[in-house]
Each structure stands twice: as structure tokens, then as C-alpha cells.
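Q: So the protein sequences, as listed, match chains A and B.
Those letters in the first sequence? Residues 1 to 340, per our numbering, in order.
Those letters in the second sequence? Residues 1001 to 1265, per our numbering, in order.
Hints should not be assumed to be uniformly reliable.
Claimed, not checked - With a straight-line Cα cutoff of 20 Å, these simulated SDA-like cross-link-like pairs (lysine to any residue) come out:
| no. | chain 1 | residue 1 | chain 2 | residue 2 |
| --- | --- | --- | --- | --- |
| 1 | A | K208 | A | Q12 |
| 2 | B | K1164 | A | D288 |
| 3 | B | K1223 | A | T147 |
| 4 | B | K1254 | A | T147 |
| 5 | A | K2 | A | D128 |
| 6 | B | K1184 | A | E253 |
| 7 | B | K1171 | A | L77 |
| 8 | B | K1254 | A | D306 |
| 9 | A | K192 | B | E1173 |
| 10 | B | K1240 | A | C289 |
| 11 | B | K1258 | A | R327 |
| 12 | B | K1184 | B | T1169 |
| 13 | B | K1164 | A | V246 |
| 14 | B | K1240 | A | Q12 |
| 15 | B | K1164 | A | D19 |
| 16 | B | K1223 | A | R115 |
| 17 | B | K1254 | A | E315 |
| 18 | B | K1240 | A | I178 |
| 19 | B | K1164 | A | Q12 |
| 20 | B | K1184 | A | E315 |
| 21 | A | K192 | B | K1223 |
What the hints assert, rightly or not - From the derived model, a few chain A residues whose C-beta atoms are all more than 10 Å from chain B:
| no. | residue |
| --- | --- |
| 22 | R149 |
| 23 | C236 |
| 24 | K322 |
Calculated directly from the structure, the hints in this document are not laboratory data.
Idealized CB from N, CA, C, for every residue including glycine.
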Amino acid sequence: MKTQHIGVFIEQRGGVLHDVGLELLGKARELAEVSKGTVSAFLLGRDISALSDDLIAQGADTVLLADSPVLEPYRLLPYTSVLAQACETCDPDILLFGATRMGVELAPRLAARLRTGLSAHCMDLRLDTEGKLLQMVPGWGGGVVATIRCPDHRPQMATVMPGVMKKLVPTERSGECIHLSVKEDLHRFGPKVLEVHIEEPKEMPLEKADVVVAGGWGIGNPEGWAILEDLATLLCGAVGATRPPVDEGWVSESRMIGQSGKTVRPRLYMGIGISGMSHHVVGMDESDCIVAVNTNPDAAIFEVSDLAVVGDYREILPPLLKEIRTRLPEGRIDTCELPQ
Amino acid sequence: MKRMIVCVKPVPDPNAWDRLQMDPVSKTLIREGIPSVINPLDKHAVEAALEMKDLFGAEVILLSMAPFDAQPVLREVLGMGADRAFLLSDKAFAGSDTLATARILAQGIRNIGEFDLIFCGNFTLDGSTAQVPSQVAEFLDIPNVMHVCDMSILKTESLLLTQKIEQGTVKLEAEPPLLLSFTKEANKPRYISFMEILAAEKRKINIWDNAILNIDETLIGLKGSPTQMADLLLQPKQRKGIRLTGNPEEIARKLADKIHQLGII
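Isolated chain B, as found in the complex (with noise of 0.2 Å):
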């Protein structure tokens, strides 16, 4: 295992989500005044990775598509231990569906050169759509798992992985290369000290535009997105909420009457 490549993503903070406001105009979501943090998943996916470099002293390299402004939260993750990191941030690239951002992120790796692992956060908390991480692996031509919760290295250098499904666990043998997305249970992300913390504000994020990339711009950011948002609603989401007053056994009479009238009880 020489070298392990996580794909990182820095999205608004969830606790300001309620903040969100739309322009009503364009139709586009105003996020001024939202902080960015890392997706909370992609720190098991750089634990993953940082293990790897425990035993085996393996490279962890960081990669990221996100505008300029990402590089302070890209920081806070070398922190952690990562040896490199590279932004990807290009106009060219906004605008990108998952099938084209999954093709900018592969030809990222494809210019880092040769890897073992690929890892990722089994999903992002701004867009959820958990699409991003099988569909860079189809690009590269690799195997992938999602929903790693558990990773051990046999002697062979083959991986034992467990992935969680709804009615139970399915246990798998992978050898590299190989893509993997992390749960939440695969790893306890280490802890970054102060002094980690303040080091990190220093060190060097590599950009690499689409003039280093150098993809077809036909085939990248809303050109070469097959998804087009056609409308964008903010939901209203109201019923009539009618209060329940009186003392407690009064709501609680109130309330069963109504839990009768369902045919529940």
C-alpha cells in the first residue's frame, strides 16, 4: 500500500441550513453567511486513509472539486495528517451534475498517477445523493463498496470489508485498486489539536484548473451534465396545527379521542 487518495467535500454547515434563502429572481439558493465545514462523513474516510499511512506508511493524498474559497477547510483536514492536497476549481466545472463531477474527480486522479485506495464519505449532507463515489470508479474502471462500516488488511494485502445493508451485514474480500465509501461506524476520526490545527494554516493546497486537467469542456459542468434543474421551490409545508389546551389529563383525554378516531385504538 503505497498511496491512498480521499475524495473530500466542504459543505454548509447543516446547523445554518434553516438560514438558506432562495433569490427569487434567478432561482438560485443565496448561501452568503453559511459557513463551510467537511462533510462529517469524509472524516472516517480520511481515518480510513490515515491508517493505512499507521501501518504501512502509505501517502494520503487529498482531493476536492469546490470553488477557491474551499482551501481553509481543505487545511483543516491536512491537519489531520494528510500529506497532500489538491484542488480542483475551474468556472468550467460549475454547474456539474454528479455524472460530471464524477469525470472531473477521476481525471484528478488519473494526473495524481498510480494509487491503492480511493476512499470517500458514503454520502454528502448538501446533496445526499451518495452518486458521486460508484460513478468516479466507473470512470477509472475499479471495483467499489459502499457503506464500508468496518476494514481490515488480511497478510496478503487483500481487504476484509463489512458493508451494512437494511436486514443485516454482507462480508466481503477486495483486493486494490479499489474505491470505498465509509459509514459513520467504520472509524472514530482522530482528534486535531491546536497546535495541528495552526501548522495546517500554512501548508501549500496544489489548484489545478481545467488548463492542467484538460477535459473536454462539452463533457463538463452544465453542458456536460445530463440533469438540468428545471424549477427550484422552497417548500412550504404547512397543516392547520390546532392547540391543545387544558390541563394535562385534559390533553391527554383530547389526545386519545383523536388516536380512537384513527382507528388505532
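The shape of chain A in the complex, shown without the other chains (with noise of 0.2 Å):
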């Protein structure tokens, strides 16, 4: 197997690293090992080089380090034009990107500039026996896998959910940091940033909640909603949501989960009034323990659960909370922490 030199694409935004970044150092780290080459972080932005030990502490042998003012806040024809400078210099044989806000606007851009192959929304990734990628993508929901090659252009371009892989533990590793040269005068920058807006998360965000408890079209009303945001509460957990409740407007976009939403990973999962079509079942059926309430016996949902429980959740619920409550310790419910 030929070696592979295997590029991140590392998030920041205002010197504040996005998950999906480590996730995929995690992944780079693995195909690294198995073909004998190495884990290159591309990091752009300003005053960040900070940053540049946590990611050889997590699998990067080298960090390619653009640090200019031009680049903070990001903006897509800058950053693109750096990627595409130092993917001439470094030359990586696979480039990975987050499919988040951020690396679905750049990844294509830059993808289509080198005229290089990209793939969305990758579950999996591997290398066949010459070394290439091989890439796992989901299509109509879910409910198909395509394998996706790249054989004759390079970089292999690809782009993984948030959530999909896994961060290593940080150790001590060695690596070297190399500063890349960013032209201050890129010729068009495209439009100007005014303002970027943070709000603080006020609630516990999906993606790192060890307990999900979603809800679907069956529950029928914002009041059953609020039976699940109690049981969510109680475990220290996220409400999530397939797409109708979002568009009946019980629950906020952000709580989706599915194709066009999130992708989640907890411990449990409880689907409550969910019928399980795929395009929702491919945002969670990595879950560990899955659980799934429904009236229909023959929910396509029970399919991909662990536990079922054929029956209306306005029946299984309350008993289910008020059991809960007994077992949880005195005060167990204001010790519920927001992940960092």
C-alpha cells in the first residue's frame, strides 16, 4: 500500500476550535497507521497558533499554520485561496473537511478550483488495498450507501458530519508546525464580514447529549412536546425532533436530527411517536441504545430499535417519569452540567 499524506481542514472561529476538526484528526490518524503515512492540520485565522499543540497532541504529525489578519474572521475566497496555495506546496493525497456551515461553502469551492473530486457528508472513510480512499456516503435518507472513489485526481477531496468520528485522547506526540506565506493583498476577498453574531447555548446541544429523547409527527400537539422535555430534563438530556414538529413549529430547527439536521450518538436514543423513516434513522442508529414508543405495531422504527414498546406515550410516559423520580437521588436534577 502506497503511503498517504492525509490533509484536515482544522475549523476555527474566533480562535475557538469546532469538535468536527479533532473528530476528523482522529480518523486521519487511522488511515495514517494503516498505510505508514502521515496526518497534516491545515489551520488558518489570526493569533491562532496557540492552537497548534492540541492538534499534535490529537494526530497531527504537521501543522500547516496561515496566520494573517486577512483571515480572521473567515471569509470564503481568502480561505480558498490559501488551501489551494498550500495544496500545491504540500500536495496531500486525501483533504478532509467538516460538513458543517463552514466546510460545506469552502470544501466545494476549493474542490472545484484544484478540479478535484469531493464527496458529502462521508459516513465512513477507508483505504482500499493500493492505499486510495474509499468513501462512505448515505443517500435518499439513509436508506442507501454509495461507496464513492476519487482515483485519478488529487487531493481526494471529502466531508464528514460532525459527530461521525471519533477525537483521540490527547498525548504526548511530537510534531513540527510550518508557517505557510499568506499574500495580504489576495486580489478579491469577496464580500466584507460586518458583524459575526455568537449567542451563548442555553440549552444542553444535541450533539453532546448522552441521552436524546425525540419526538415526531405522533405526538401530536406542543403539549404532549412538553412531556418530552420533561423526560429529556430528568435524564440530563437534548430533545431532538424528526421534521414535522419542527415544521408545526413545537421545537426550534436546531433540535432536527436526520439527512438535513443533526447527527447524534448518545448513549440512548428514545424515539417517542417517530415512525422511522430513513432520512431521520440515519441521524442516530449509531446511538448505543435505542428505544422507540409508537401506537403502530409495525413502525419502521422498531426495526432499528433495541427496545420497543408498541403503545400511546401518553400512557408509557408519565409512569416512566414518575419511576425516574424515584430512583434519582435528592437534588439529582439541578446537577445536570452544559458540556464544555
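With the hints as a guide, bring both chains together as one complex.
A: See the structure below:
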């Protein structure tokens, strides 16, 4: 197998790393070990060199650092130019991006500039016997999985949804940091950024919750939805949803799980009043334990569940809430902490 | 603002996706019997263009790369109030990945001529790659912005845009020429009356094949696509699905036992 040089784009806004970059470093490290290759982290921004140590500790051999005032805040065209130059000089075989708002805007533009292939929302990445990248991509709402290859163009590019790959535990590793030159006169910057408004998270972020209580069309009304919220709160978890509750306005769109929403892999997923259409299932089927409650004994969600309850949530959840309350230590409900 | 071009795509109706089947020999999906609808987010892009038409009298042109039978779906969108529609259709386009598709759409746009803004939906329901808009903009060498959830026009004719990101929003100021991809928060697509649908049924769709676009055939279709599909598998997802029985209190106790086993309570 040919050794592979694997690049990972490290997303940061305002000096804060997005987890997906670290998750991809974990996967890149694994692919590098298989091919006896190396991992480079592409880090762009201003005054961010302090982040390099974390990237090395979590899997990078080299940090390719572009540190310049023109790279803060993120803008599509300057980032594309710097990455295109870096790809020419460093020549990665593989280049990975998070399928975040930034990644899905930036990766395709870069792929078009480099005239190379890009696959979207990979659920898994492997190397074939020659060391070429196999990209597993869900289609049709997760009903099918396609294996995509990019045999003749470099780099082989892919985006991966946040939460799909696993970060490495930081270890003492050695690595180097190489500064990339940035032309300050990048000839065209494109749109001007007037303001970046970051909102403080007020509730448990769905992707980080250990427990997800998700509801679907079967919940029926906002009053029913409140029971889900109670159960999620009691378990220090987060509420998730399929599309209908979002369209009905019972819950905000940021809570949507699935193909056009978020990917979750909690220790416990509870699907209440959810039929189990494939475009929802693709966002939750990696959960450790899946429990489903539905009145329809033939609901598709039971096929992907560990525990199945055929019944009306209005009859099942109240006694469940009561049962959990009796088992919780006094005061536990006040001690839930938002993960960092 | 004189001319808006809106890229639209017919997609298989998502309500029928569970009927999708795969041909076990050719490993292709059998789409027969699954009706096409316009990609839902594209309607928001059309609405944004029609608002420019209302404000500035701009011409609104629809552009789509799709098989010939996409015409009825395009006519429906014409009924919203667009002026002209171009369908890029040729056997040589079949099998194009996002890079080749973007190359074809960009050539279609060049053939239409001058434009101020190009609008797209933020992603399509079928491929969901969301890659084509950025790639069309790159081929045309114009800036682009994705995830646009609000747009307004300043006196100078520059655009004030709000972009939705995970952690909040970004406000941007941009000038044409520009390509924008819209989310569903951007606007509410206008209602099409029955009379408008009827009237649109007679509208002409301009069809351009590669004899007109004249793109090097090694750069489009399967041959011109850097990515290749190596394998396609129907995804069998199954778990044990142990049924819990009993009265609600008994079921609640069994569920609580499981939650306890998982170390959550």
C-alpha cells in the first residue's frame, strides 16, 4: 500500500476550535497508521498558533499554519486561495473537511479550483489495498450507502458530518508547525463581513448529549411535546425531533435529527411517536441504545430499535417519569451540567 | 438589477423514497413510479428573485440541468412568475458528479449572457451534497455565499446578507455579480393560483443540448467526473427490537431498569 499524506482542515471561529476538526484528526491518524503515512492539520486564522499543540496531541504530525489578519474572520475567497496554495506546495493525497456551515461552503469551492473530486457527508472512510480512499456516503435519506472513489485526481476530498468520527485522547506526541506564507493582497476578498454574532448556548447541545429524547408527528400537539422536554430534562439529556414537529413549530429547527439535520450518537436515544423514515434514522442509528415508543406495531422505527414499546406515549411516559424520579438521588435534577 | 438567474432542480418526491428499489444486477436505483417535484428550497430562491423583479423589474430566468421529462416541473415554477426557463439536457450530461454538473450549469449561465445575481436553494433533497452552488460560482469566478437566511438591498444596490452558522449569524455586505444559496428562513414562497398553473402549462421551455453549450465531452458526464461510484448497497439496519409488554406501569419499570443499566440514572 502506498503511503498516504492526509490533510485535515481545522475549523475555528474566533480562536475556538470546532470539534469536528479534532474528530477528523482521529480518523486521519487511523488511516495514516494503516498506510504508514502522515497527517497534516491545515489551520487558518489570526493569532492562533497556540492551537497547534492541541492538534499535534490529538493526531497531527504537522500543523500547516496560515496566520494573518486577512484570515480573521473566516471569508470564503481568502480561505479558498490560501488552501489552494497550500495544496500545491504540500500535495496531500487526501483532504478532509467537517460538513459544517463553513465546510460545506469552502470544500466545494476549493475542490472546483483544484478540479478534483469531493464527496459529501461521509459516514465512514477507508483505504483500499492500494491506499486509495473509499468514501461511504448515505443517499436517499440513508436508505442506501454508496461507496465513492476519486481514483485519478488529487487530493481526494471528502466532508464528514460532525459527531461521526471519534477524537483521540490527547497524548504526548512530537510534531512540527510550518508557517504558510499568506499574500496580504489576496486580490479579491468577496463579501465584506460586517458582524459575527455568536449566541451563547442556552440549552443542552444535541450533538453532545448523552441522552436524546426525540419526538415525531405522533406527539400530536405542543402539550404532548412538553412531556418530552420533561423527560429529557430529568435525564440531563436533549430533545430532538423529526421534520414534522419542526414544521409545526413545536420545537426549533436546531433540534432536527437526520439527513438535513444533525447526527447524534448518544448512549440512549428514545424515539417517541416517530415512524422511522430513513432520512431521520440515518442521523441516530449509531446510538448505543435505541428505544422506540409508537402506537403502530408495524412502525419502521422498531426495526432499528433495541427496545420496542407498542403503545401510546401519553400512557407510557407519565409513569416512566414517576419511576425515574423515585430512582434519582435527591437534588440530582439540579446538577446537570452543560458539556464544554 | 437587470437579470436574475435561478438554478432549480426536479427531485424525486421525498414522500415516496421508501418505495425506492435497487436493480440487483446493474446496481442502479429504480426510480420508476416515483414522481418528481421541484426541490423545496429552490422555491425560496425563486421567491428571492421574484422580489427583485417586483422591486427593480429584473428579468427572472430559470436554469436547470435535468432529463427532458423535467419540463412539467419547470413549467410549474414558471407559474410563480419567472420570465423564461432553460433546460440543459443531453445524454452527454448523464452521470455528471457535482464538479461536472457545475461546469455545465456555468456554461449555461455564460450562454444566457449578462446577469446580476444567481440564486440557488441551499441544498437539494436528493443528493444533499450542497456542493454545486459554490462550484458554479468558482467556474464563473464570482463570489458566493451559502446559508443566506435574510437579504435586503441597500441604496447603493449592494446587498445586506445574513448567513446562518451553527453558533449564530454572520452579517455580510456584498455586491453583484454574486451567487447566493438560500435557506427556508429567507422568505415565504408565493402561492400559485390554479389559473396561473393552467396558464403556465402552455409556456415554452428552451432546451439546450451540448451542440449549443459546446463543452469538451471529456470534461462532463461520467468521463468528466473525478468521483466515481464504486458500489451501492441498500442499507439494512436492524436491531433486536425486543418488545416490552405489560401495563404502562410495568413497561415504565422495565424502561427505567434499562436506563439504570446504561448508567444514566
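Q: Next, verify each hint and record whether it holds.
A: Against the structure, the hints:
1. A:K208 with A:Q12: Given pair A:K208, A:Q12 holds - Cα atoms ~18 Å apart, limit 20 Å.
2. B:K1164 with A:D288: 31 Å, violated
3. B:K1223 with A:T147: At roughly 18 Å apart (the allowed maximum being 20 Å), A:T147 and B:K1223 satisfy the hint.
4. B:K1254 with A:T147: Violated, at roughly 40 Å.
5. A:K2 with A:D128: Answer holds: A:K2 to A:D128 is near 10 Å, not above 20 Å.
6. B:K1184 with A:E253: 11 Å, holds
7. B:K1171 with A:L77: Satisfied, since the Cα-Cα distance of roughly 16 Å is no more than 20 Å.
8. B:K1254 with A:D306: This hinted pair holds, its Cα atoms lying about 13 Å apart.
9. A:K192 with B:E1173: 5 Å, holds
10. B:K1240 with A:C289: At roughly 11 Å apart (the allowed maximum being 20 Å), A:C289 and B:K1240 satisfy the hint.
11. B:K1258 with A:R327: 12 Å, holds
12. B:K1184 with B:T1169: Satisfied, since the Cα-Cα distance of roughly 15 Å is no more than 20 Å.
13. B:K1164 with A:V246: It holds: about 17 Å lies between the C-alpha atoms, which stays within 20 Å.
14. B:K1240 with A:Q12: 41 Å, violated
15. B:K1164 with A:D19: 19 Å, holds
16. B:K1223 with A:R115: 14 Å, holds
17. B:K1254 with A:E315: It holds: about 15 Å lies between the C-alpha atoms, which stays within 20 Å.
18. B:K1240 with A:I178: At roughly 51 Å apart (the allowed maximum being 20 Å), A:I178 and B:K1240 break the hint.
19. B:K1164 with A:Q12: 16 Å, holds
20. B:K1184 with A:E315: Violated, at roughly 36 Å.
21. A:K192 with B:K1223: Roughly 38 Å separates the two Cα atoms, so the pair is violated.
22. R149: The claim breaks: A:R149 does not keep its Cβ more than 10 Å from every Cβ of chain B (closest is about 5 Å).
23. C236: Per Cβ check, A:C236 is inside 10 Å of chain B; nearest 8 Å; violated.
24. K322: Its Cβ does come within 10 Å of chain B, the nearest being 7 Å, so this is violated.
The structure shown violates the earlier hints numbered 2, 4, 14, 18, 20, 21, 22, 23, 24.
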